[in-house]
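Visitor: Next come the chains, spelled out residue by residue.
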Amino acid sequence: MACDCSKKEKGKKDIPKNAKIIKTENASISGKKTIYFDISFENPMPGNFCMVWIRGIDEIPLGCSYENGVTFQVVGDATAALDKLKTGDTVGIRGPYGRPFTLPDSNENILIVAGGIGAAPLGPLADFAFENETHVTTVLGARTENDLIFEDRFDRCGKLYITTDDGTKGEKGFVTDVLKRLNLAEYDRIYVCGPEIMMKNVFAICDAKGAIDKTEFSIERYFKCGVGVCGACCIDESGLRVCKDGPVFPGNMLKSTEFGKYGRDASGKKITF
Amino acid sequence: MACDCSKKEKGKKDIPKNAKIIKTENASISGKKTIYFDISFENPMPGNFCMVWIRGIDEIPLGCSYENGVTFQVVGDATAALDKLKTGDTVGIRGPYGRPFTLPDSNENILIVAGGIGAAPLGPLADFAFENETHVTTVLGARTENDLIFEDRFDRCGKLYITTDDGTKGEKGFVTDVLKRLNLAEYDRIYVCGPEIMMKNVFAICDAKGAIDKTEFSIERYFKCGVGVCGACCIDESGLRVCKDGPVFPGNMLKSTEFGKYGRDASGKKITF
Amino acid sequence: MYSVAGVELKNPTVLAAGVLGTTGASMLRVIENGAGGVVTKSVGPSPVFGHANPSMVALECGYINAMGLPNPSYLEFGAEIKKVKNGQKIGENSAVISSIFGGNAKEFVTVAKHLEKFKPDAFELNLSCPHAEGYGAAIGSNPCQVEEITKAVKDEVNIPVWVKLTPNVSDIGKIGKAAESGGADAVVAINTIKGMVIDIKSGWPVLGNRSGGLSGPMIKPIAVKCVYDLFETVSIPVIGVGGISNAEDAIEMILAGAAAVQIGSAVYDEISVFEKVNRGIEDYLNENGYSSVEEIIGLSHKLK
Amino acid sequence: MYSVAGVELKNPTVLAAGVLGTTGASMLRVIENGAGGVVTKSVGPSPVFGHANPSMVALECGYINAMGLPNPSYLEFGAEIKKVKNGQKIGENSAVISSIFGGNAKEFVTVAKHLEKFKPDAFELNLSCPHAEGYGAAIGSNPCQVEEITKAVKDEVNIPVWVKLTPNVSDIGKIGKAAESGGADAVVAINTIKGMVIDIKSGWPVLGNRSGGLSGPMIKPIAVKCVYDLFETVSIPVIGVGGISNAEDAIEMILAGAAAVQIGSAVYDEISVFEKVNRGIEDYLNENGYSSVEEIIGLSHKLK
Ligand SMILES: Cc1cc2nc3c(=O)[nH]c(=O)nc-3n(C[C@H](O)[C@H](O)[C@H](O)COP(=O)(O)OP(=O)(O)OC[C@H]3O[C@@H](n4cnc5c(N)ncnc54)[C@H](O)[C@@H]3O)c2cc1C
Ligand SMILES: Cc1cc2nc3c(=O)[nH]c(=O)nc-3n(C[C@H](O)[C@H](O)[C@H](O)COP(=O)(O)OP(=O)(O)OC[C@H]3O[C@@H](n4cnc5c(N)ncnc54)[C@H](O)[C@@H]3O)c2cc1C
Ligand SMILES: Cc1cc2nc3c(=O)[nH]c(=O)nc-3n(C[C@H](O)[C@H](O)[C@H](O)COP(=O)(O)O)c2cc1C
Ligand SMILES: Cc1cc2nc3c(=O)[nH]c(=O)nc-3n(C[C@H](O)[C@H](O)[C@H](O)COP(=O)(O)O)c2cc1C
Ligand code: FES
Ligand code: FES
Numbered sequence: 000m001a002c003d004c005s006k007k008e009k010g011k012k013d014i015p016k017n018a019k020i021i022k023t024e025n026a027s028i029s030g031k032k033t034i035y036f037d038i039s040f041e042n043p044m045p046g047n048f049c050m051v052w053i054r055g056i057d058e059i060p061l062g063c064s065y066e067n068g069v070t071f072q073v074v075g076d077a078t079a080a081l082d083k084l085k086t087g088d089t090v091g092i093r094g095p096y097g098r099p100f101t102l103p104d105s106n107e108n109i110l111i112v113a114g115g116i117g118a119a120p121l122g123p124l125a126d127f128a129f130e131n132e133t134h135v136t137t138v139l140g141a142r143t144e145n146d147l148i149f150e151d152r153f154d155r156c157g158k159l160y161i162t163t164d165d166g167t168k169g170e171k172g173f174v175t176d177v178l179k180r181l182n183l184a185e186y187d188r189i190y191v192c193g194p195e196i197m198m199k200n201v202f203a204i205c206d207a208k209g210a211i212d213k214t215e216f217s218i219e220r221y222f223k224c225g226v227g228v229c230g231a232c233c234i235d236e237s238g239l240r241v242c243k244d245g246p247v248f249p250g251n252m253l254k255s256t257e258f259g260k261y262g263r264d265a266s267g268k269k270i271t272f
Numbered sequence: 000m001a002c003d004c005s006k007k008e009k010g011k012k013d014i015p016k017n018a019k020i021i022k023t024e025n026a027s028i029s030g031k032k033t034i035y036f037d038i039s040f041e042n043p044m045p046g047n048f049c050m051v052w053i054r055g056i057d058e059i060p061l062g063c064s065y066e067n068g069v070t071f072q073v074v075g076d077a078t079a080a081l082d083k084l085k086t087g088d089t090v091g092i093r094g095p096y097g098r099p100f101t102l103p104d105s106n107e108n109i110l111i112v113a114g115g116i117g118a119a120p121l122g123p124l125a126d127f128a129f130e131n132e133t134h135v136t137t138v139l140g141a142r143t144e145n146d147l148i149f150e151d152r153f154d155r156c157g158k159l160y161i162t163t164d165d166g167t168k169g170e171k172g173f174v175t176d177v178l179k180r181l182n183l184a185e186y187d188r189i190y191v192c193g194p195e196i197m198m199k200n201v202f203a204i205c206d207a208k209g210a211i212d213k214t215e216f217s218i219e220r221y222f223k224c225g226v227g228v229c230g231a232c233c234i235d236e237s238g239l240r241v242c243k244d245g246p247v248f249p250g251n252m253l254k255s256t257e258f259g260k261y262g263r264d265a266s267g268k269k270i271t272f
Numbered sequence: 000m001y002s003v004a005g006v007e008l009k010n011p012t013v014l015a016a017g018v019l020g021t022t023g024a025s026m027l028r029v030i031e032n033g034a035g036g037v038v039t040k041s042v043g044p045s046p047v048f049g050h051a052n053p054s055m056v057a058l059e060c061g062y063i064n065a066m067g068l069p070n071p072s073y074l075e076f077g078a079e080i081k082k083v084k085n086g087q088k089i090g091e092n093s094a095v096i097s098s099i100f101g102g103n104a105k106e107f108v109t110v111a112k113h114l115e116k117f118k119p120d121a122f123e124l125n126l127s128c129p130h131a132e133g134y135g136a137a138i139g140s141n142p143c144q145v146e147e148i149t150k151a152v153k154d155e156v157n158i159p160v161w162v163k164l165t166p167n168v169s170d171i172g173k174i175g176k177a178a179e180s181g182g183a184d185a186v187v188a189i190n191t192i193k194g195m196v197i198d199i200k201s202g203w204p205v206l207g208n209r210s211g212g213l214s215g216p217m218i219k220p221i222a223v224k225c226v227y228d229l230f231e232t233v234s235i236p237v238i239g240v241g242g243i244s245n246a247e248d249a250i251e252m253i254l255a256g257a258a259a260v261q262i263g264s265a266v267y268d269e270i271s272v273f274e275k276v277n278r279g280i281e282d283y284l285n286e287n288g289y290s291s292v293e294e295i296i297g298l299s300h301k302l303k
Numbered sequence: 000m001y002s003v004a005g006v007e008l009k010n011p012t013v014l015a016a017g018v019l020g021t022t023g024a025s026m027l028r029v030i031e032n033g034a035g036g037v038v039t040k041s042v043g044p045s046p047v048f049g050h051a052n053p054s055m056v057a058l059e060c061g062y063i064n065a066m067g068l069p070n071p072s073y074l075e076f077g078a079e080i081k082k083v084k085n086g087q088k089i090g091e092n093s094a095v096i097s098s099i100f101g102g103n104a105k106e107f108v109t110v111a112k113h114l115e116k117f118k119p120d121a122f123e124l125n126l127s128c129p130h131a132e133g134y135g136a137a138i139g140s141n142p143c144q145v146e147e148i149t150k151a152v153k154d155e156v157n158i159p160v161w162v163k164l165t166p167n168v169s170d171i172g173k174i175g176k177a178a179e180s181g182g183a184d185a186v187v188a189i190n191t192i193k194g195m196v197i198d199i200k201s202g203w204p205v206l207g208n209r210s211g212g213l214s215g216p217m218i219k220p221i222a223v224k225c226v227y228d229l230f231e232t233v234s235i236p237v238i239g240v241g242g243i244s245n246a247e248d249a250i251e252m253i254l255a256g257a258a259a260v261q262i263g264s265a266v267y268d269e270i271s272v273f274e275k276v277n278r279g280i281e282d283y284l285n286e287n288g289y290s291s292v293e294e295i296i297g298l299s300h301k302l303k
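Residue numbers (numbering that gives the first Met the number 0), protein chains in the order written: chain X, 0 to 272; chain E, 0 to 272; chain F, 0 to 303; chain P, 0 to 303.
It should be emphasised that the hints constitute simulated quantities derived from the structure, not laboratory data.
One thing to keep in mind: the hints can contain errors.
[Claimed, not checked] Quick list of in silico lysine-lysine cross-link-like pairs, DSBU-like style, CA-CA up to 30 Å:
id: 1; chain 1: E; residue 1: Lys22; chain 2: E; residue 2: Lys83
id: 2; chain 1: X; residue 1: Lys179; chain 2: X; residue 2: Lys260
id: 3; chain 1: X; residue 1: Lys268; chain 2: F; residue 2: Lys301
id: 4; chain 1: E; residue 1: Lys12; chain 2: F; residue 2: Lys275
id: 5; chain 1: E; residue 1: Lys11; chain 2: X; residue 2: Lys11
id: 6; chain 1: F; residue 1: Lys303; chain 2: E; residue 2: Lys83
id: 7; chain 1: X; residue 1: Lys171; chain 2: X; residue 2: Lys199
id: 8; chain 1: F; residue 1: Lys275; chain 2: P; residue 2: Lys81
id: 9; chain 1: X; residue 1: Lys16; chain 2: P; residue 2: Lys275
id: 10; chain 1: E; residue 1: Lys85; chain 2: F; residue 2: Lys82
id: 11; chain 1: E; residue 1: Lys179; chain 2: E; residue 2: Lys260
id: 12; chain 1: P; residue 1: Lys301; chain 2: X; residue 2: Lys19
id: 13; chain 1: E; residue 1: Lys208; chain 2: E; residue 2: Lys179
id: 14; chain 1: P; residue 1: Lys275; chain 2: E; residue 2: Lys12
id: 15; chain 1: F; residue 1: Lys301; chain 2: E; residue 2: Lys22
id: 16; chain 1: X; residue 1: Lys12; chain 2: E; residue 2: Lys268
id: 17; chain 1: E; residue 1: Lys254; chain 2: E; residue 2: Lys268
id: 18; chain 1: X; residue 1: Lys16; chain 2: P; residue 2: Lys118
Build out the structure end to end from the sequences listed, making use of the hints.
Guide: Structural data, given as structure tokens:
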């Protein structure tokens, strides 16, 4: 693997940088939001994440969805607090961290499969492909039309299939419904991010179609340190750390792992999906 | 001043390096000795010193008299212990430290005034001058013929005057007797090292002859840290540190200082010469 | 095989507690990377979610963390111990040391008695975590409590008991002595050192817990001194931990008196640090004409 | 002018004890390089030559030293205090704080009463040196002795008394409280931290005294935590010292609660560090709309 899993030089201080919010914008009608900072991430690669510290509340991992921005949905305390911040407010950010997606060549044909907020780390990959004139097909799913994000970003770089659970936009159903129909042999690489249950199904289809070797999945686990030391995010049975050896894993590295079956909460207790 | 007073990079570890003695040789008939190590000093400049750690005894400053050697006389515990070490024994060395002599240009005329073991840091200067074809005059003094060191080293690079207190070699008397006769206007630079009482007299003569601005004196004070922090070696009234701002000082920086009058012992108590 | 305080280690490098020790699979990966033994994360009487993030950040010459002893409780953790005991390749037997904590002797005993069933090779009593109120160092700086808890666990279990000490005391030798009196088979020094880092742009202390424990290269000289002092004070083996990231560091710790070393933060740079350190120790022994690690344990004490 | 605990400082940066404080001339040079005050080397009841060399070496991210409190005794040192008091340019008045030590209250009082004649602006009681048997931290980790000695000196002198604390205790707040009860006008934290470095090639501990005290960048997070804790515990000013080598470090210490900072080891790189730090603090205040250092002392405590 040619990727550089650890960007940080040995012995380099790496505490959260103070970042001022310079713009906030709705990413979806339902209120998923993108916030932009006055400082950019240092050489972010598509698939990298950052740790965003909402002071006094918590620090959480979010995908680097822009050079200087993150896109999130409110699910609990930290995201709710982040949602309330306004232009001029500050947070702490560190990163970019983690193993990114493998970048496609310009003559390659790629497939992007994104579910819900899972589109966040895939946005920069689409941008890269667009600039690089890579041929892109995207399957973008969400619960409803109002939950869709980055439609334009995926649309401009190739063919875009949209699915919504309720049919309010695109095809009624799941991304997997589209995936089943596609001839995966056409694609050199397949990139996936979304809810784990969705990714599990995508995995199964790709596997069945003999395409698993060209997949990369960006997965989520509970992060404490975020830098590969504490072990909170390790997956069974490989013992690989999602924060440092991932969050992007080739599909074949997820075979016979806990992926799609269970994860762990902050205490380390197993939580079945 | 163009010299680089502190050779060490910020934050770089600098503990004594283990150095094995590969050769010992008498530097004088009376038993002044040179010991050579299996490791060389890093870019030593004439006038630099090192700290030599005779483990279990003490660590003392000694001039770098060779690229990988020091030359010393026995005066107390540490030097006596050093004197007993044999080929294959080890000491700890750190350095080179301190502000060195200003190197002469090849077209310059220089005068070296060395008394006793004070010739040690001047040896490398003579070597440099020799290689550089600088014209050198040396006044080399010692108590007796048996105490002289580095005669050949000074001899080969120009004119050598020798004085001994008892007249066993060269002129009977002191280096100052020769100095008084010399036309100091002929020299671009004058380098001095020896017992402080000798240097005091050399200083007076150079000053009287209007030559003080071209002198450099290498002086000694009690060193504890050796690296410019503790303050043990500071001289009145400038407050300059002999270990870091020196040990080589231009003569004019020694005017109206304690030089030639008093120093301090390890406790910081003044000791009059 | 390398025997320390009743534990058979594959080699003298051991994974330190709280680092990559949440799951059996993770510890097996560390063993594959050369560790002669692993210490599990510290497990206590009830589930703990730990402090809010940030829980660990890298500093110029080390790290600061305040995880807050997250663990799923002893009732959940046995399976992970079992996995790492049983998951090793045949013939490869890296030891598994179960780190446990509690607020008092009774809690320690409850946790130990339950986890002993899963056959760890030893217990390590965490009497040293600096940022868990009522636990760790809060107890571990009191020699009486250290002795009492050690004794209570020793009385109830049949495997060796190591006691991990905090450097945040005036005299670590005294605490080591207390552990020894309680029957400890070894002392482990050191846990992290209390510290704090403030982001001057915002004024906020950086960790979710505000303050935390320092680890990594910056604490090595403190750890070496603690190990040196303990070696002079106690007769049981001392296991050295704190700031080891290469063979030189490990050797320094062994010369100071460590019978084995633990490595934690250095996995930040490379999990294969264990392999690298072991190779380096071997080379040092060969180059200097020693035939075993035992010959150099505490060697510095003899040079006077 | 900047007033802290009864002492008028030219600015909030002060030279730390034991660094470039052997002679009046040296301290004057430090003042010319921007220090708002200087603390003299610690002076005791009788002449001390100190430990054998090596007495200080540079490490990767700090320093270790064991000078052993060398000093010519209080009977010799008055002249140096006088020199630095009288040698300053007219209108420039950097404070001179006389650091003193003794083995008990009586010795402290003897030294203080004599040196007071030479008109230092304050005393700093060294109850914290980690490598001087029977002195410093040996006494300073006992709250009763700290209170007793502080009180004894306070009772006998008419200038402010600062008490310098050791971090080598379980709870520095407790020691700070003891100093406060004894009447201290300020506490100074921290002195160096016990440590040891071994040369693995020879096996020898590097310092003449074998072990010593750590200073420099590596101890900053420990110092910040101590200052933070003391700020919560005592009502007298806290003076922060440990690992400060630039303005950011100083500001971090002030946000943690320091009313002024002391700088020691950083003179290794540049004596002009005082000037640089002061300029940086000014810039920070301006950029962030503060009008004085006082406004940011302990600010981090309010952010919750
Ligand atoms: C690599 C990675 C990239 C991510 N990228 C994005 C993104 O771009 N946009 C986005 O909206 N979300 C993203 N997430 C998920 C995001 O981190 C969680 O939604 C967020 O942490 C929830 O925090 P909370 O306090 O609002 O919710 P809580 O109420 O604290 O928790 C709700 C759920 O969020 C998850 N969560 C909470 N804290 C953490 C944590 N420290 N680490 C991991 N998961 C946590 C848990 O599953 C938890 O059950 C990403 C997660 C990971 C691991
Ligand atoms: C910059 C410098 C360069 C020197 N170069 C040489 C040299 O090339 N050859 C040589 O023979 N001598 C040199 N000396 C002097 C040498 O350091 C002393 O002779 C030596 O330290 C004596 O140690 P001792 O234990 O044998 O004697 P002791 O009995 O300990 O002391 C005898 C005298 O040596 C001096 N001395 C002792 N310890 C120290 C110390 N730590 N720092 C400074 N002086 C000390 C004191 O004046 C003392 O009174 C140099 C000194 C300095 C400062
Ligand atoms: C993230 C992290 C978590 C830790 N958790 C524990 C723990 O649960 N129990 C324990 O005894 N020590 C814990 N420690 C302390 C380490 O085991 C070790 O004593 C310390 O980090 C010093 O070693 P190092 O410098 O090699 O990291 C933890 C350290 C870190 C960095
Ligand atoms: C060489 C040296 C000598 C010291 N001597 C003393 C001393 O005599 N009295 C004292 O209270 N502290 C002494 N200290 C401790 C310093 O005053 C200071 O508390 C410590 O070095 C931490 O600050 P720093 O990191 O800025 O050096 C000494 C420190 C050093 C490095
Ligand atoms: S979150 Fe700590 S190792 Fe991944
Ligand atoms: S010997 Fe310490 S400053 Fe010169």
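Visitor: Each hint needs a verdict: does it hold in this structure or not?
Guide: Results of checking the hints against the structure:
The straight-line distance between the Cα atoms of Lys22(E) and Lys83(E) is roughly 13 Å, inside the 30 Å bound, and the hint therefore holds. Restraint check: the Cα-Cα separation between Lys179(X) and Lys260(X) comes to about 22 Å, which is no more than 30 Å; the hinted pair holds. Simply put, Lys268(X) and Lys301(F) have alpha-carbon atoms about 49 Å apart, too far for the 30 Å limit, and the pair is violated. The hinted pair formed by Lys12(E) and Lys275(F) meets the criterion: a straight-line CA distance of about 22 Å does not exceed 30 Å.
For the hint linking Lys11(E) to Lys11(X), the alpha-carbon distance of about 15 Å falls within 30 Å, and the restraint holds. Between Lys303(F) and Lys83(E) the CA atoms are separated by roughly 17 Å; this keeps the pair inside 30 Å, and the hint holds. Restraint check for Lys171(X) and Lys199(X): the C-alpha separation of about 20 Å stays at or below 30 Å, so the hint holds. Between Lys275(F) and Lys81(P), the direct Cα distance comes to roughly 58 Å. Violation of the 30 Å bound is thereby established for this hinted pair.
A hinted pair counts as satisfied when its Cα atoms are at most 30 Å apart, and Lys16(X) with Lys275(P) qualifies at roughly 23 Å. Distance check on the hinted pair: Lys85(E) and Lys82(F) sit about 58 Å apart at the alpha-carbon level, beyond 30 Å; violated. The straight-line distance between the Cα atoms of Lys179(E) and Lys260(E) is roughly 22 Å, inside the 30 Å bound, and the hint therefore holds. The straight-line distance between the Cα atoms of Lys301(P) and Lys19(X) is roughly 20 Å, inside the 30 Å bound, and the hint therefore holds.
For the suggested pair Lys208(E) and Lys179(E), the alpha carbons sit about 9 Å apart, so the restraint of at most 30 Å is met. For the hint pairing Lys275(P) with Lys12(E), the CA-to-CA distance comes to about 24 Å; that is within 30 Å, so the pair holds. Restraint check for Lys301(F) and Lys22(E): the C-alpha separation of about 28 Å stays at or below 30 Å, so the hint holds. With a CA separation close to 44 Å, the supplied pair Lys12(X) and Lys268(E) exceeds the 30 Å bound.
The suggested pairing of Lys254(E) with Lys268(E) holds, with an alpha-carbon distance near 22 Å, which does not exceed 30 Å. As the CA atoms of Lys16(X) and Lys118(P) are separated by approximately 47 Å, the hinted pair breaks the 30 Å bound.
Comparing the model with each earlier hint shows violations of hints 3, 8, 10, 16, 18; every other hint is respected.
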